[in-house]
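Model the full assembly from the supplied sequences, consistent with the hints where possible.
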Amino acid sequence: MQLALFDLDNTLLAGDSDYQWGQFLIEIGVLDRAIQQTVNDQFYQDYKDGKLDIYAFLEFQLKVLSLHSREQLDTWHAQYMQKKILPMMTKKSKALVEKHRQNGDLLMIITATNSFVTKPIATAFGIDNLIGTTPEEIDGKFTGKATGIPSFQEGKVTRLHAWLAEQGKTLADFETTWFYSDSHNDLPLMKLVDKPIAVDPDPVLEDYAKTQGWPIISLRS
4 MQLALFDLDN TLLAGDSDYQ WGQFLIEIGV LDRAIQQTVN DQFYQDYKDG KLDIYAFLEF
64 QLKVLSLHSR EQLDTWHAQY MQKKILPMMT KKSKALVEKH RQNGDLLMII TATNSFVTKP
124 IATAFGIDNL IGTTPEEIDG KFTGKATGIP SFQEGKVTRL HAWLAEQGKT LADFETTWFY
184 SDSHNDLPLM KLVDKPIAVD PDPVLEDYAK TQGWPIISLR S
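In the working numbering, the protein residues as written are 4 to 224.
In case anyone wonders, no lab produced these hints; they're calculated from the structure. Since the structure is predicted, the reported quantities are computational estimates derived from the model, not experimental observations. A couple of the hints might just be wrong.
Here are the simulated PhoX-like cross-link-like pairs (lysine-lysine), alpha carbons at most 20 angstroms apart as the crow flies [unchecked claim]: (1) K213 <-> K51; (2) K122 <-> K87; (3) K97 <-> K122; (4) K194 <-> K95; (5) K194 <-> K213; (6) K198 <-> K102; (7) K102 <-> K87; (8) K122 <-> K66; (9) K144 <-> K172; (10) K122 <-> K86; (11) K97 <-> K86; (12) K122 <-> K144; (13) K148 <-> K122; (14) K97 <-> K87; (15) K66 <-> K144; (16) K66 <-> K148; (17) K198 <-> K172.
Written as structure tokens, this is what we have:
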């Protein structure tokens, strides 16, 4: 069996799900545009620059989950899926996932974005396995904090090894391992797999992929 790993934001999606969740909440009046837009834009720039403080970002991004009931959040998320996410699921990204599915590969999305936002997106792609940053819940209500290791940069490697261990496997148990990503933040994991694929890469990843002879593809429609 082969293992196909996919980053989500700006890889399978033609955009960033976390950023668009914030934009959606601004548009429906849940978040204040002046405050949210400025801070969110700075975090997003830090991410692209490779200097994101993941814990500061999570404290900012997860706070809104603690202020509303799960029922309300789920209602908003369904609207967000229709308005923001489905238009970012390109024909090429869906075809790539289907190609690996037809090959009988084990499929997984591994993303730094929290699992509340990303689990329904993984389901929309027909992918059962997801590693995302885990928002803490107590008695069915989000606390606004994260729990465990964020699946960001080296954290993706740590979380993947832990998940595989739970299945009684290691990366070496797979005939071939793939990882598709757009971001230089994912280089720790890309360097571990047999077939790293740069997808619409940022400039840093593009340059590195060229020096290593890695394939560079586009999933934009």
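Quick rundown of the hints versus the structure:
no.	hint	verdict
1	K213 <-> K51	holds (19 angstroms)
2	K122 <-> K87	holds (15 angstroms)
3	K97 <-> K122	holds (16 angstroms)
4	K194 <-> K95	violated (24 angstroms)
5	K194 <-> K213	holds (14 angstroms)
6	K198 <-> K102	holds (15 angstroms)
7	K102 <-> K87	violated (25 angstroms)
8	K122 <-> K66	holds (19 angstroms)
9	K144 <-> K172	violated (33 angstroms)
10	K122 <-> K86	holds (17 angstroms)
11	K97 <-> K86	holds (18 angstroms)
12	K122 <-> K144	holds (17 angstroms)
13	K148 <-> K122	holds (18 angstroms)
14	K97 <-> K87	holds (16 angstroms)
15	K66 <-> K144	holds (12 angstroms)
16	K66 <-> K148	holds (7 angstroms)
17	K198 <-> K172	holds (19 angstroms)
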